[in-house]
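Novice: As a plain string of letters, each chain reads:
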Amino acid sequence: MFYRRLLPPLAALLAAGVGLAVGGDALSLSRIVQALANPHAHDVAHTILWQLRMPRVLCAALVGSALALAGVQLQGMLRNPLVDPYLIGTSAGAAVAIAFALAFGIALSVLPAIGFLGGLGASLLVAALARRGGGIDPTRLILAGVAISALLAASVALLSVLARSISFQLTLQAWLIGSLAGRGWSDLRFALPYAVVGALVAIGNIRSLDALRIGDVRARGIGLDIERAQWSILGSATLLTAAAVSLAGMVGFVGLIVPHLARRVVGSDARALLPASAFLGAAMAISADAIARSVIAPRELPLGIVLAFAGIPIFIVIYLRREHRR
Amino acid sequence: MIRARGVALERGGRRVLDGIDFELLPGEFVALLGPNGVGKTTLLRACAGFDIPATGTIDFDGTPIHRLAVAQRARHIAMLSSDELLADELRVRDVVAIGRFPHRPWWRFSASEADENAISAAVAATHIEAYLDRIFTHLSSGEQQRVWIAMALAQGAPSLLLDEPTTHLDVRVAHNVLGLLRERTQSGTSVLCVLHDINEAAAVADRIMLLGCGRMLALAPPAEVLASPLLDEAYGISMHRARTEDGRTIVVPAHT
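Protein sequences appear in the order of chains A and B. Residue numbering for the first sequence follows our numbering, starting at 1 and increasing by one per position. Residue numbering for the second sequence follows our numbering, starting at 1 and increasing by one per position.
Bound conformation, chain A alone:
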């Protein structure tokens, strides 16, 4: 069992290697290694590697691991395997904010910050609606999340109908499908602190998530402060999701299916499950982004589409095989 815990980090490392190796321009492995070894050199290979691929791989890693960590925590808290991080309204909030920003012609460079704020705002609204007593009511959270998300999605559609400009619609579409095209070091620097804080809070949540596995009332009986645990989990999930959405838009599926894959690999002990989810999420997003960058180079496929086409069949195969073995 223990060696299985090594699989997710190995998968992430392997994916990172592939992510650095592939792209629009073919670079030999030796030139890549050379460029990696000399970060201060000034040749083409060096520029491609350090200014294009490295930040892309790191952005993908952040997006994948943040969404997976958010998903695994929400699924654990709500004990609902269908929960995904977008349930809490983050993505819809980000999308509306981005759509407004685009409609008012705000500079593309500040879109991540605007998406982040929109996502945060919508999640806070959903959390406020889901409040009951000192804590969060799981059913209300799901209902409020679905309702607010639907309303915000309709607002995005409305803006998209009203604004006739093609560039608006293309940029908005990229956000809605999820894409890392054009992301670099500055975007990463913006999103990283929020993701790090979200991940640190997630580490603090491990103990509560383990206790919650036996049910809310029983967890209370063994001394878990349910209300505090819920707010802490929701806070972490919101920060992580908003950071991911600000970078890549609405990348689907990772937050929903990676926790399930991770559970298959390392089991449901939160101490193993959270790191495994983060590593597998990173591995999946990095690989998908590498495919997105290379299959129709020099053009790019949106990350969200690759993830759906590559990730979901893998998910189904692993799930079905497992069911057969039982």
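Which chain B residues stay away from chain A? Per the calculated CB distances, all over 12 Å, these:
| hint | residue |
| --- | --- |
| 1 | A8 |
| 2 | D61 |
| 3 | V123 |
| 4 | R184 |
| 5 | E200 |
| 6 | G214 |
Some chain A residues close to chain B (C-beta under 8 Å, calculated; not the full set):
| hint | residue |
| --- | --- |
| 7 | R213 |
| 8 | I222 |
| 9 | D225 |
| 10 | S268 |
| 11 | D269 |
Source of the hints: derived by calculation from the structure; they are not laboratory data. Where a beta carbon is used, it is the ideal one built from N, C-alpha and C, also for glycine.
Fit chain B to the known structure of chain A by using the hints.
Specialist: Structure of chain B alone, referenced to chain A:
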């Protein structure tokens, strides 16, 4: 020691119980009886500090229970509720280990020696060694109930509150589970346990607390409660009393 003074309890804004006074003594087994909806679970939850009484106080060693920090409370009182299903694929040993939660600071992820000792003792006391590595949900109801009790024992609290631990269990398994709880009282653990089978309660408890008509009708040794017309009043049905060969009183609903 849990002590309730002048306690009134509400559920959904409606007063369900009034004027509850009792003490749960160390090493004592008290069975909580009463008709459905009378407030047995509500009382148990208040004793566990989950809900605050509308009036009166429930203390643990002199401190109102709801004032205790959650983890501190859980070190004194273990509450086993019965109404939740467990969807996760947990192994039996993990379930028992979760009982150590209130003894573990947030920065420590692995079990200490004290944790290991408490877990081993709980496993031995409940005789679940044989299925420690099995998936919890694959166990029978009786086995699952033993595991929950093991978890509560691992928690190491001197007071044990249980909500219908014998529901869904056949007569032999229920007997075993109650025997197990009875054994724990020998080492000073007090047990307050909601039961539905009056005769089962009478066989195992030191005292029976009978709830009915919005108040505590009786808190007395089983023989007294079973003989009393209060039992008929509580359930709103007349009862026949009979004597077994070994001299115990049993009650059955009278045919009407």
